[in-house]
Amino acid sequence: MKKDFSQTIGFFFLFCCILVTILLLLTIIYFVFVRGAKVISWEFLTQAPRAGMTAGGVAPAIVGTMYLTLGAIMFALPLGIAAAIYLCEYSPQGFAVNIIRMSINNLAGVPSVVFGLFGLTVFVKFFGFGVSMLSGCLTLGILVLPLIISAAQEALLAVPQSMREASLALGATHWQTIKKIVLPTSLPGILTGVILSIGRVAGETAPILFTAAAFYLRGYPKSIFSEVMALPYHIYALMTEGAHPQQQTAIAYGCALILLFLVLLVSTVAIFIRQKQRSYYG
Amino acid sequence: MDEAIKMKAENVNFFYGKTQALKDVSLDIHAHSVTAIIGPSGCGKSTFIRLLNRMNDLIPHAQLIGRVYLDCQDVFSHAADPVELRRRVGMVFQKPNPFPKSIFENIAYGLHVNNIKDKDFVETRVIESLKKAALWEEVRHRLHESALKLSGGQQQRLCIARCLAVSPEVILFDEPCASLDPISTAKIEELILELKKEYTIVIVTHNMQQAARVADYTAFFLLGELIEFNKTQELFTAPKDKRTEAYITGRFG
Amino acid sequence: MYIKEKIYRWIFTVLAFSSFVFLVGIIIVLFRESLPLFQKVRLFDFLLGRFWYPTYDPPEFGILPLILASVWVTCGALCVCVPLGIGSALFLNELATPGQRAVLKPLIEILASIPSIVYGFFGMVVLAPFLQQLLHIPVGLCAFSASLILGIMAVPTVCSIAEDALSYVPRSFREASFAVGANRWQTLTKVVIPAAGSGISTAIILGISRAIGETMTVLMVAGGAAVIPTSFFMPVRPMTAAIAAEMGEAPMGGLHYRALFSIALILFLITFLFNIIAELVSRRFRLKLGLAQ
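Chains as they are written, first to last, in the numbering used here: chain A, 16 to 297; chain B, 1476 to 1728; chain C, 36 to 328.
If we strip away everything but chain A, and leave its shape as in the complex, we get (with noise of 0.2 Å):
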């Protein structure tokens, strides 16, 4: 009786656990949203801000999100691949591996304000590049670059070997195996890695604090050199600066709105995408 006894606490313990957990984040999200759509407009989704912050819209963060996440991934997704691609396709153990694989370790570990030091020394002012779209870039894709080796790898290593083989069998060379077989059969993989990456850069704030952000432009950003608005500095300038706190924390509600359904977006779809392609390899 006892051992049941307990046995009926602790179970009762556990899926008390996981409905906290659950209840806390849709209860975020639930603020998030319903506190938001109040200012959601069609003049919010495409203008620009008015009236020392307190009026118009948040288009030029909208934008700059969009511009940053894409470069981001632009400058990462090469990188990434190729370097699972050398992991997985050319060079499965060594010395050399063995110092890819911890460097990459590691570097998903170095907090994201890190990233931010490292590019306003590297970029801003080493290259020259200035707070610009362009560092933020770089350093939001050395940011993100583990991700995307490590779902490139996955997606490599689900194919499966007897590909390889019979490609190299019917007299094929490593690389035209590699272009003509293994990419285009984990293409797909790759991509639903990249998508959840996407989700993961577009959110980030420190990196680009000292490297990219500004906190009120006119318009959108005109080049590669121009400093961009994002929506995560947006709500976090939104709170901490300005001098009208109660017409801008509501527009920060939008903001962070935006984001989150961006976000949540990219990743849901991404997930059910992965589920999908994972019960189909089985």
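Among the clues, some could well be false.
To be verified - Some but not every residue of chain A turned toward chain B, in silico, with C-beta under 8 Å:
id, residue
1, 177
2, 178
3, 180
4, 181
5, 183
6, 186
7, 187
8, 188
9, 191
10, 195
11, 196
12, 198
13, 200
14, 263
Quick caveat, the hints were computed from the structure, so don't treat them as lab data.
The beta carbon of each residue, even a glycine, is placed where N, CA and C say it ideally should be.
Since chain A is already given, all that's left is putting chains B and C on it; use the hints.
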């Protein structure tokens, strides 16, 4: 033994790390004949056949001592090109492994990677290969559908056709019927007998009846050693070695 | 033909080293930008100094308050994320029906993608005022709120990693336990959790590493006072928050600037250490269950 010798293994020893998988194997493969390799699991028969087109190159820490010749050329010599070798010595694997592409693209693949771009030539060759592999009638109206939609037996014949398209001289079959039903197996065996007119064939099999049905020569491997090699009929009716006799009469393995 | 193959191999090798180059780059930048500080300030005074007044004259660069703030907030966050994360992982792995699992697992993964700025924002506008009223504390933006929000934020991460570890425990372990008459709870506490122990520790270590390095939430919610914390309800300024908040104002190349890089260096070394520990522990875990050579 009057036919020419197409491939030849000479004192082949093969190691996976410290484990020795083949011990001093010497074997002649006659042109335009079927050579079967039989033996219990783990006897090294798959390792041996994969040496013939250097598929074992992919395995890390593997080491070979000895020589393998194709038309009197050492295929493991420094100057030899594994890619060229694999074009001349094709392979059909245990599990059908079509690419996730269309039927047509599967067969054209070997031509594309060998830089054959002439569209008409490729198309003729695809059709010809499908006919040789006795698959043409079944797929002629759906050449551009995914190869993964075919049944297991059809997939395996597709893999054979894919292999034929690059016109190899030798075809290696690594237990080609291991995952097939008896009807598909019969079709593949029939096909092998047809193919030996044009190609030299080596087949690894688990199934002694299969060896007896299709092979001209049979080699019996045990624990990495070649125990006996002879004309199939003689090996099965009058084995010279006690261990061969024990195996073919079903006393072990 | 062969030259082409070799060129491709070289290209991939070179590109694969990019992560290594970036990691080394980060290390070089942190050292180069921070070391000159220690010609002026003793390392001992820097690490254990009790006062952080970087803009006074003369300035004081003692980061003990910042370190302690990070430690307090991280420990507080652990009290939230460890039970919730591991409890959720155990529920998912041991109790959930396949149907529940199919819904809950992806849901938690999706929730893991909520950006930290959203947590920070929520903490600032909803949680802090709420706690201030509820607990009758002078300020809502304090170590307690920061711990809470940081803890909630880390739950999905801890849960996913712990769940992976649990799923590696072979079925045969459980069957052996049932076979001697143990019920599910006993099997869970006496067999499954010890077997997955080091895998679960990896989850906790990575959770710590993530919490220490987290910037935006603590910047917005912790309150920002650079004093040695004596109570959980005091505003504090963790290391990451100090860097993010002050970098914009610190004159480039000045002592304050160098001091901020020094904090980043210490932060980097701490997370580096935790990552290495996590890797060693998880390697041992895989060895124990025979998942790796």
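How the hints compare with the structure:
With 8 Å as the threshold, the beta carbon of residue 177 of chain A comes within range of chain B, its nearest partner Cβ sitting at about 4 Å, so the hint holds. For residue 178 of chain A, the interface hint holds, since its Cβ comes within 8 Å of a Cβ in chain B; the closest pair sits about 6 Å apart. The beta carbon of residue 180 of chain A comes within 6 Å of a beta carbon in chain B, closer than 8 Å, and the hint placing it at the interface holds. Interface hint status for residue 181 of chain A: upheld, as the beta-carbon distance to the closest one in chain B is roughly 5 Å, under 8 Å.
For the restraint placing residue 183 of chain A at the interface with chain B, the shortest Cβ-Cβ distance is roughly 6 Å, inside the 8 Å limit, so the hint holds. Hint status for residue 186 of chain A: holds, given a least beta-carbon distance of 3 Å to chain B, under 8 Å. The criterion of a C-beta within 8 Å of any C-beta in chain B is met by residue 187 of chain A, whose closest approach is roughly 4 Å, and the hint holds. Contact between residue 188 of chain A and chain B, as hinted, is supported at the beta carbon level, the nearest pair being about 5 Å apart and thus within 8 Å.
The closest approach between the C-beta of residue 191 of chain A and any C-beta of chain B is roughly 5 Å, which is under the 8 Å cut-off, so the hint is satisfied. A distance limit of 8 Å between C-beta atoms decides the matter here; for residue 195 of chain A the minimum to chain B is near 7 Å, and the interface restraint holds. Interface restraint check: residue 196 of chain A against chain B, minimum CB-CB distance 6 Å, threshold 8 Å, status holds. Interface restraint check: residue 198 of chain A against chain B, minimum CB-CB distance 12 Å, threshold 8 Å, status violated.
Checking residue 200 of chain A against chain B by beta carbon gives a least distance of about 6 Å; that is within 8 Å, so the hint holds. Of the supplied interface hints, the one on residue 263 of chain A is violated, with its beta-carbon coming no nearer than about 53 Å to a beta-carbon of chain B, more than 8 Å.
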